[in-house]
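Participant: Sequence:
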Amino acid sequence: MDARFWDEKYSGTEQVWSGEPNGVLVVEVTGMPPGRALDLGCGEGGDAIWLARQGWRVTGVDVSRVALERAAARAASLGLEVEWAQADLTAEAPPAGPYDLVSAHYFPLLRQDGHAALRRLLDTVAPGGTLLVASHDLAEVPADHGHGHGFDPHAFYEPHEIAMLLGDGWTIEVDETRPRVSPAPPGTQHTRDTVMRARRRR
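Read in this note's numbering, the sequence shown has 26 at position 46, and its numbers run on one by one without any break.
Rather than coming from a laboratory, the hints here were simulated on the basis of the structure.
Please note that the accuracy of each hint is not assured.
Unchecked claim - Simulated DEER-style distance windows between Cβ atoms: (1) Gly149 x Ala76: 29 to 37 Å; (2) Arg182 x Glu49: 20 to 28 Å; (3) Met12 x Pro75: 16 to 24 Å; (4) Gly35 x Ala135: 34 to 42 Å; (5) His134 x Asp103: 20 to 28 Å; (6) Ser57 x Val7: 31 to 39 Å; (7) Arg100 x Arg179: 13 to 21 Å; (8) Gly15 x His95: 20 to 28 Å; (9) Ala76 x Gly35: 20 to 28 Å; (10) Val6 x His140: 18 to 26 Å; (11) Ser(-9) x Thr151: 38 to 46 Å; (12) Ala76 x Pro159: 32 to 40 Å; (13) Ser57 x Arg158: 32 to 40 Å; (14) Ala65 x Val161: 22 to 30 Å.
For every residue, glycine included, the Cβ atom is placed at its ideal position computed from N, Cα and C.
Construct the entire structure; sequences and hints are all you get.
Facilitator: This is how it looks when you write it as C-alpha cells:
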C-alpha cells in the first residue's frame, strides 16, 4: 500500500471524508455490547470516533500519517481517547489484539497468494468477536477505474471472497449486497455496498 499516495491525497485538501461514520457500521454495530475495536484503514477517524462515542475502546490504523494526525486532532477536540497506529497492513502486523470488533470499510487490502496479510487480520478477532467488512459493489465500478494512478479496486479482497476464506471457526451472519445507507462520496456514483459480518466461534 502506497503511503506516499495517501499522504498526498490527504494533504491536497483540508478534509477528504465527511467525518461521519459509515452507514453500514452504524447499522451493524448499534446494539452490540462495546469492547475493544480495531478500525482498519481509519482515515480521518470518522468510524473510530463514532465507536469511541458508543463506549468502545478503539484502535484506528492507517497507512497515512497525515490522515492519522487529523483523526487524532479531532478525537482530542472531542475529549475522546482513541489509539492511533500507522502501518501498511499488506506487509506489517496489525496492532496486537484480540479485538471484539474488527471493522474494515472500503479498506483496500491487496489480494495475496497464501492470504498472509488477511490471515494476520483475522487472527486479531477474539473468540466470540465480530468481523465486519464493507466495500463498494464492484458491479458498479468500471473495469479501468483507478488505473491512472495504479489503484485497481478489482485487485483487492471483496467481502464475499473473505467470507469464503473464513473456514469452520466462523459463523457468517451477513453476506449480501444492499443499497447504500450513506451518501456516495463526492464525484462517485456508488449506490450499493457489499457487506459481510461474521462471528468467530473459536
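Participant: Are the hints correct? Go through all of them and say.
Facilitator: The hints, checked one at a time:
1. As the Cβ distance of glycine 149 to alanine 76 is approximately 20 Å, the hint placing it in 29 to 37 Å is violated.
2. Taking 20 to 28 Å as the suggested C-beta distance range, the pair arginine 182 and glutamate 49 does not conform, at roughly 38 Å.
3. In this structure the hint that methionine 12 and proline 75 lie 16 to 24 Å apart at CB holds, the actual value being about 20 Å.
4. At about 36 Å, the CB distance of glycine 35 to alanine 135 agrees with the hint of 34 to 42 Å.
5. For the hinted restraint 20 to 28 Å between histidine 134 and aspartate 103, the CB-CB distance of approximately 26 Å keeps it satisfied.
6. The given range of 31 to 39 Å is broken by serine 57 and valine 7, whose C-beta atoms sit roughly 27 Å from each other.
7. The supplied range of 13 to 21 Å is met by arginine 100 and arginine 179, whose beta-carbon atoms lie about 19 Å from each other.
8. Restraint check, glycine 15 to histidine 95: a C-beta distance of roughly 26 Å satisfies the suggested window 20 to 28 Å.
9. At roughly 21 Å, the beta carbons of alanine 76 and glycine 35 sit within the given window of 20 to 28 Å.
10. The hinted window of 18 to 26 Å between valine 6 and histidine 140 holds, with their beta carbons roughly 22 Å apart.
11. Restraint check, serine -9 to threonine 151: a C-beta distance of roughly 42 Å satisfies the suggested window 38 to 46 Å.
12. The supplied range of 32 to 40 Å is met by alanine 76 and proline 159, whose beta-carbon atoms lie about 37 Å from each other.
13. Between serine 57 and arginine 158, the C-beta spacing of about 33 Å keeps the proposed range 32 to 40 Å intact.
14. The supplied range of 22 to 30 Å is met by alanine 65 and valine 161, whose beta-carbon atoms lie about 27 Å from each other.
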